[in-house]
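S.K.: With the hints as your guide, set chains F, G and P onto chain A.
One letter stands for each residue in the lines below.
Number of protein chains: 4
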Amino acid sequence: MEKIKVGVLGATGMVGQQYISLLAHHPWFEVAYVAASPNSAGKKYCEAVAGRWQMMFDVPAGVRELTVQDANNPALADKKCVFVFSALDMDKQQARELENAYAAMGIPVVSNASAHRGTDDVPMLIPEINHEHIAIISAQKSKRGWQKGFIAVKPNCSLQSYMTPVFALLQAGYAIKRMIITTMQAVSGAGYPGVPSLDMIDNIVPFIGGEEEKSEVEPHKILGKIADGLIVNDESIRISAHCNRVPVVDGHTACVSLEFGDKKPELEEVRRIWRDFKALPQQLNLPSAPVQPIIYREEPNRPQPRKDRDADKGMAVSIGRLRKCNVFDIRFVGLSHNTVRGAAGGGILNAELLKAKGYFD
Amino acid sequence: MEKIKVGVLGATGMVGQQYISLLAHHPWFEVAYVAASPNSAGKKYCEAVAGRWQMMFDVPAGVRELTVQDANNPALADKKCVFVFSALDMDKQQARELENAYAAMGIPVVSNASAHRGTDDVPMLIPEINHEHIAIISAQKSKRGWQKGFIAVKPNCSLQSYMTPVFALLQAGYAIKRMIITTMQAVSGAGYPGVPSLDMIDNIVPFIGGEEEKSEVEPHKILGKIADGLIVNDESIRISAHCNRVPVVDGHTACVSLEFGDKKPELEEVRRIWRDFKALPQQLNLPSAPVQPIIYREEPNRPQPRKDRDADKGMAVSIGRLRKCNVFDIRFVGLSHNTVRGAAGGGILNAELLKAKGYFD
Amino acid sequence: MEKIKVGVLGATGMVGQQYISLLAHHPWFEVAYVAASPNSAGKKYCEAVAGRWQMMFDVPAGVRELTVQDANNPALADKKCVFVFSALDMDKQQARELENAYAAMGIPVVSNASAHRGTDDVPMLIPEINHEHIAIISAQKSKRGWQKGFIAVKPNCSLQSYMTPVFALLQAGYAIKRMIITTMQAVSGAGYPGVPSLDMIDNIVPFIGGEEEKSEVEPHKILGKIADGLIVNDESIRISAHCNRVPVVDGHTACVSLEFGDKKPELEEVRRIWRDFKALPQQLNLPSAPVQPIIYREEPNRPQPRKDRDADKGMAVSIGRLRKCNVFDIRFVGLSHNTVRGAAGGGILNAELLKAKGYFD
Amino acid sequence: MEKIKVGVLGATGMVGQQYISLLAHHPWFEVAYVAASPNSAGKKYCEAVAGRWQMMFDVPAGVRELTVQDANNPALADKKCVFVFSALDMDKQQARELENAYAAMGIPVVSNASAHRGTDDVPMLIPEINHEHIAIISAQKSKRGWQKGFIAVKPNCSLQSYMTPVFALLQAGYAIKRMIITTMQAVSGAGYPGVPSLDMIDNIVPFIGGEEEKSEVEPHKILGKIADGLIVNDESIRISAHCNRVPVVDGHTACVSLEFGDKKPELEEVRRIWRDFKALPQQLNLPSAPVQPIIYREEPNRPQPRKDRDADKGMAVSIGRLRKCNVFDIRFVGLSHNTVRGAAGGGILNAELLKAKGYFD
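Residue numbers (the working numbering), protein chains in the order written: chain A, 1025 to 1385; chain F, 1025 to 1385; chain G, 1025 to 1385; chain P, 1025 to 1385.
If you're looking for bench data, these hints aren't it; they were derived computationally from the structure.
A few of these clues could be false.
Treat identical chains as interchangeable: a pair holds within one or across any two.
Said to hold, decoys possible - The calculated lysine-lysine pairs, modelled on BS3-like cross-linking and capped at a C-alpha distance of 27 angstroms, are:
1) Lys1287 - Lys1104
2) Lys1029 - Lys1165
3) Lys1288 - Lys1337
4) Lys1116 - Lys1238
5) Lys1165 - Lys1249
6) Lys1029 - Lys1104
7) Lys1288 - Lys1172
8) Lys1116 - Lys1337
9) Lys1068 - Lys1172
10) Lys1288 - Lys1379
11) Lys1201 - Lys1337
12) Lys1201 - Lys1287
13) Lys1104 - Lys1067
14) Lys1103 - Lys1288
The following block holds chain A by itself, in its conformation from the complex:
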């Protein structure tokens, strides 16, 4: 099978670099187009990222020599790639318009940016949870008069570590009323240079701008339903999030306390639900899908970022410490790799789902 040519917008930033890295050996996709801000435009990719390449392995051979294009000019991407991954790092309004422009040009946009997360005809996907939201795309296209182009997004990285386990419980028939969450988030989430080392040596910072709001609002859309060509939020779970920055390179950890509705599972049942959980990405055997979306660790002191973030290529969520909560019903610790599952890896899985479902044909 010939690989599908893809583009990366915002290719020189941290998330863009992660896309380039993760796509280096992808069985379906091949990076053929890289675009970034006008500063980088015209340079070879390897030169554009010199001094700020943060990945463990060097720039992949196939991308080193690509010329970086101006991301603000969608016309340049025409015929160069079948779709683009967007890791645009700019003003929200600007990003929204630019992603629209790519879609209008006939180039689908699989986005990490927060620009369109609140747009009610744009699906915000975690494929294990709400893959059926991709059905909104036809309404999106017709409403906007787009022929081939469309936009699909992924949610914020902070909630990946608990939304899949939470969904697994919902799906098993256990309604959830309230959740209080405290996250301890890795510095890679803030990009490079990002968090100053003076804030992260012998210290933590109990604040991440905008993160608590996203953690509280985005789940409602993820769990929503399509009705009349729109995604209607499901606000039945009330969520309170405390978000902290901790001196960890990669891997967001969350301490979760959760209250069920009237029907309350035993701990053993919760563990069983998590262990048995599989979803469409596993059934379709998508290349980036983890074999087991939720890995339950029995050790009393796991999951830990350094040891568990890379589980199943960074795409699985690791859970541990399930126990009764004195105040709500259960509590547990969840962990996921914020720049893989929570960013570029999650975007790639979205694209694999869309490809498998024929959206790029």
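M.R.: Quick look at chains F, G and P alone, frame taken from chain A:
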């Protein structure tokens, strides 16, 4: 005024060292006696701690040459000191009996050990909250047939960062029904060598043995009332705690969500209550009492361990990020210095209270 | 004695903040004037540093309400302060001209900036080593036609941890031919935001721009002699420096191997020289002078940044691990506090020396 | 080809775990036997390491259920494996005798322990440097009356980052007279629990017991020649090492200054020598051999532990910052993965060399 001679049990461990350091220039107390395990007994103090002294400043001159005594033999302390600080690090049952033996010998014990925290005629003191619990001491003495000796303890370090703010609200007439707390605790809490560096570089550990239980149970006694010569717990607040170890030297941080009873204060009122809060240690002007027990920080990203732990010599609690909670009523971040306020400094403040109230006369 | 009014240029940066903090309780000097870039000009100092104040204690009361002035306009400082500390962080050529302008206005400049370090009529002072270089100031003034104003500077922070011990040996009659030094430098040396946390978690960076050159060149001037109204460098020691950034907040450590000339001291003699070393700042009893400029630690694993940087208020150099070198003659480890001794504290000591010698009269 | 059954002595420690991990998918070798201290003997391997497994991936399936044997009883290994990797962590004299006992039993020992590093008929191998030292094995066997058994060892982890580059220069005809080295070593080198986190947060420790001595002595044997059935050390390079512990998980970094003999290469020539360097492991295409033993990085701030330690599966040495030395001739920074190249990976490469040369037939 001549200084009161005091002893330190467990003087060579981390908490013992902190006592030695904090007492170096104390206006009322003077370390005249140091005791530790038989291994250290017979050595000069400076030799006994060689290679494991962890304090910022060198062993104080007055203590360097003291000969370490066997802590297991209370008789050795007789006439050497008016009371002892206990930082014994041993089996709980053993520590309990040993502290009893000192008290029976006529030597009051102001303890950091967890041995007697659950004993219902032993006060567990945070002087700003429950100084009136010292009244139990006369019942304790008479019941046990102790003449001069008695035992008073302090609670676990993990709860110091939120119990004073919580008490201030209670005292102002706002009942609290439920609290969910996530702590991010410093490694000094585990002593030396304590937490391995392999667990604390690019990592956190979402588990501290026994810590969640202490955080959930001890507040009930602290908030209890004396009745019939016993301290009767007040269990009206239900507490759920998630305790995590993070790569911070000193300073425990807590993210707290809290539900009031029917009467709910405005945020501005909460802030006012905290800012205005003063208690007996401030009225008595005890040497180690912070001027303001609760410091509210307006900056959006405070308190932070490295910047706020040393507030008012490490004895004040720093609070920040007060805001509405989506699930309960309010949420905030609290921080206190775990080895000062949460350990030796807290013990010294207890001793100052007892001294001021005539318990060492 | 009435305190001398002083100004701080670059008052909002890290070094400027350190000046403000260290001068809070200074017996001789009082901050009466703060100046910074035009962005900050017009704001109250506490507002200008909101969100970037990095010191352990809050902005001192006396400085909070001072209005920040435009540092580019020396005329504003006229009559407001007797002299200024310069922590200007700008292009070298620009800084040089601006410091000249202050001096020309009649305002002496005690500078941390690197602008004038290479200027041959400007003394670069470590008062324990080359206090006699202040004699060049009269030549400087007359040559430049300055009446009251003059410029004195301090050297780079990286060399403070070994130049005093090296000088003590030279002074004792032991010529030194060659030195190879590897530094492990704290992140505070790069200011705030400075070094990204992604570079300092589970990592070190074996490069600091410009630092090796300064470490190799500046000692020649420090050890130089005045001749014909100029400071003539002494290049008799050949120096090679490897400079590394490590995840430490404060405190630069140096591993030093050193080759003597024909006359070679025994290790015991070296230790004795260091322990006995005192210099003019000690004799004059300057307020910021350490009692013992060089503290030799006997423990096999000291000095360490977190434990030794604050020795004698951060103004002493801590040395340890003196031993024979297999290649040269001796080797040792030196440590000094880079933002106290190596920056603002060093500048203040320079000013104290100049004051004591009548240069501000 | 059927895989060769191998054993691991000291299988539950850090280095033993690394062997188990790295051999999980080895094309030639298969772990069939695990032995450790009597405490672990009798347990399943997965139980024996519960709570102290430090590797990124879980215990490989093939090893989980193996019963741990008592390493002190070599007879138990008979017929169970063709040879053993020794990661024994015990008294040197004891380890020496135990390794001898295995060899005497007919079981070759490929060792990481320091026990036999100084034994003059035991080769201490870095295959890229001194593979010809394996020829001593026949003399070793005949002298000791061993039939099939023998002992080969690897050197200390601290010197791997510079000995291959140094050897490449020697081999190219450039004699080296003197070297001064400062290492910044990762905590994994001290095993688990190893270095306390209180020593590694906001701190470095300028001392590692015994490490400087090994770094200065072992190169002489590595560079030695076989003569009369013994390895005769080559002491022509004088070496001085400063060894420091820094807060890095894996990856030892070294700053090296080096003096050539009369013949001195240009920097460009040095770079060329390093880039072109290949040796027997590359020619034999051994499974663990890095494609390029020395990777020269052009970036001004590399190599860095987190970014470069995993180069070529952790088996390549990364070099950077080659420049003139003010005191000697050249200086550079070297880095290698201490638990892969410097420990288990290095041992496996040694075994591959021995296998390829028929020593296990």
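S.K.: Each hint needs a verdict: does it hold in this structure or not?
M.R.: Here is what the structure says about each hint:
no., hint, result
1, Lys1287 - Lys1104, "neither (53 angstroms within a copy, 55 angstroms between copies)"
2, Lys1029 - Lys1165, "within (22 angstroms within a copy, 61 angstroms between copies)"
3, Lys1288 - Lys1337, "neither (33 angstroms within a copy, 48 angstroms between copies)"
4, Lys1116 - Lys1238, "within (14 angstroms within a copy, 44 angstroms between copies)"
5, Lys1165 - Lys1249, "within (18 angstroms within a copy, 68 angstroms between copies)"
6, Lys1029 - Lys1104, "within (7 angstroms within a copy, 52 angstroms between copies)"
7, Lys1288 - Lys1172, "neither (46 angstroms within a copy, 54 angstroms between copies)"
8, Lys1116 - Lys1337, "neither (30 angstroms within a copy, 41 angstroms between copies)"
9, Lys1068 - Lys1172, "neither (29 angstroms within a copy, 56 angstroms between copies)"
10, Lys1288 - Lys1379, "neither (38 angstroms within a copy, 53 angstroms between copies)"
11, Lys1201 - Lys1337, "neither (33 angstroms within a copy, 43 angstroms between copies)"
12, Lys1201 - Lys1287, "both (11 angstroms within a copy, 23 angstroms between copies)"
13, Lys1104 - Lys1067, "within (17 angstroms within a copy, 52 angstroms between copies)"
14, Lys1103 - Lys1288, "neither (54 angstroms within a copy, 56 angstroms between copies)"
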